[in-house]
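S.K.: Chain by chain, the residues:
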Amino acid sequence: MSDEFKVDLKLDLKGLACPLPVVRVSKAIKDIPLGGVIEAVATDPGALADFPAWAKTSGNEILKTERSGAELKFYIKRVK
Amino acid sequence: MDETTKQKLLDVMKSKLNRQLLYYLDVCAKCGACKDACHIYRATGKAELVPSHRADLLRRLYRRHFTSAGRVFPSLYEATDLSDQLLDEMYQAAFTCTGCRRCMVYCPFGIDLTWVIGVEKAMLSAVGKVPEELNMLADAAIEKGNSIDLYREIMQDQIRSLEPELRELTGMPDATIPMGKKGARVLYVALAGTGSILPPAVIFNLAGEDWTLSEFEAANYGYFLGDTARAARIAERIVNEAKELGVEEVVLTECGHAYRVMKHLDEVWSKQKFPFKVLSVFEPWARYLKEGRVKVLRPIAEPATYHDPCQLGRNGGIYEEPREVVKAICTDFRDMTPNREKNWCCGGGGGLVAQTDLEEFRADTGLVKAEQVRATGARIAATPCENCRLQLALLNERYHLGVEVVAVTDLLVRAVAPGALRKPEQEPRETAREQEASA
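Chains B and V, in that order, give the protein sequences. Taking the numbering used here, the leading residue of the first sequence gets 6, the next gets one more, and so forth. Taking the numbering used here, the leading residue of the second sequence gets 43, the next gets one more, and so forth.
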């Protein structure tokens, strides 16, 4: 967990086939309160552009992206 | 239903009433041949899921609003006015159809019911009555195209992190995954996941191909929505990239609808002739094997079958090349019956796998495909489309088929990559269904 954010829900999206990572986050964000944060871990290189694009079109916010080897960790705040 | 919505729906319908659609709406004799060809009706027995019934919703509207007889005597001519109830029925009809087009093969008049259903989808899209997931994925893909400059460098960096594994698999110390390579002969378009990037990179490197990886994913969710304007904008990202790089060939990954969109549809939507060829990844794979540019180092002895994805096979025309690849690497190949243009749909196409609330429906309606797979006695079920793999993995679990569901290129890598031989026991890849369950 990040020291900067209180995480409401963790999602392990490692190795998921297209298009499940974005679909999972899109579904799960409705299960947390407004202002809540999802920590999502993915391994798809495309997620680096896919998640910000989804956040922009859905009106939510990527607070931070961390990279560790092949793993990508996104902190996503529910805004809408 | 308010007048503005009604008018918008009728405007879209009017814009789609070309000779082809009019023929389809006029000639259906409701003979029922399509019901026996449909895996969904066969599994459920529900009259509202018969292909001709799905199209009949549009036919009734057409008669009511665009024919004199239907305007004056609606009840005599099975003509129905637009209403919220009809729109709800149309939504169910349009977005539970996989668009496999098997019904068209058996229709005595050659009616392409998915064309009619595509018009229904276009109408529903125009008023925002579409599955939320598909809508979201289409919007995100367009936004990604608009903002790719912000992420290009970091994405390329992430792709480079795959290269150590690539070098291990190929045994080639200089193997790479090039991106943005101007003048490359081939632009390869993958899906979002590493699984459709690394194995093809192994084959391209072993074959000594002059290639570069696309910045965009091949999937096109605008197409599943029946929204040709959005579908064309999503495809445009790849077309522009191919033109900027000056490639000779755009090679689509193992994805049925992505191939069909680029090969057969987008030139019409975007009113242009592409200055490059569009190929399925199986065309170069089969060629490399024939030319000896990749060699089978370890044939696979387990009985294997091949599932024709509807979008790649029946709707895309690619039947032989993937079979040539599987036959070249598997010593016990067992084709399903029927196959090729008469193959049964697995039940996962048309964007249904992205609609998570349809999982039970998909499991039920995939029964006939499950029976087909079981009848082969195969232990490996190879199939190109990621939607098909997700669906076959679901059927594997539901009907205890005991097969390994695998991408054809993954299978090819096992047989031809020198680095893959170094592992004493080849661990089967985690199936998409297992991935989903553990997520």
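It cannot be assumed that every hint is accurate.
What the hints assert, rightly or not - Covered stretches of chain V (in silico footprint by chain B; criterion: 3 or more residues with CB under 8 Å from a CB of chain B, positions within the stretch not fixed): (1) 198 to 210; (2) 233 to 244.
To be verified - Anything over 12 Å on all C-beta distances counts as not near chain V; from chain B, calculated: (3) D8; (4) E9; (5) D13; (6) L25; (7) G41; (8) A47; (9) L53; (10) K82.
Calculated directly from the structure, the hints in this document are not laboratory data. Each residue gets a CB set at the ideal place from its N, CA and C atoms; glycine is no exception.
S.K.: Quick check for students: does the CB of A47 (chain B) sit more than 12 Å from each CB in chain V?
M.R.: Contrary to the label, A47 (chain B) does not stay out of reach of chain V, its closest Cβ about 9 Å off (not over 12 Å).
S.K.: Against chain V, does E9 (chain B) hold up as non-interface, every C-beta pair farther apart than 12 Å?
M.R.: E9 (chain B) is indeed farther than 12 Å from all Cβ atoms of chain V, at 20 Å.
S.K.: Taking the closest pair, is the beta carbon of L53 (chain B) still more than 12 Å from chain V?
M.R.: Non-interface label fails for L53 (chain B): nearest chain V Cβ at 5 Å, not farther than 12 Å.
S.K.: Beyond 12 Å on every Cβ pair: is that true for L25 (chain B) relative to chain V?
M.R.: violated (6 Å)
S.K.: Is the nearest Cβ of chain V still more than 12 Å from the Cβ of D13 (chain B)?
M.R.: holds (17 Å)
S.K.: For G41 (chain B), is the shortest beta carbon distance to chain V beyond 12 Å?
M.R.: Answer for G41 (chain B): holds, closest chain V Cβ roughly 19 Å.
S.K.: For the region 233 to 244 of chain V, do three or more residues have a beta carbon lying closer than 8 Å to a beta carbon of chain B?
M.R.: holds (count 7)
S.K.: Count the residues of the region 198 to 210 of chain V whose CB lies closer than 8 Å to any CB of chain B, then report whether that count reaches three.
M.R.: holds (count 4)
S.K.: Would K82 (chain B) pass as off the interface with chain V, using Cβ distances and a cut of 12 Å?
M.R.: The claim holds: K82 (chain B) sits with its nearest Cβ about 17 Å from chain V, beyond 12 Å.
S.K.: The output says D8 (chain B) does not contact chain V. Does that hold with a beta carbon cutoff of 12 Å?
M.R.: holds (23 Å)
Hint compliance for this structure: hints 6, 8, 9 are broken, all remaining hints hold.
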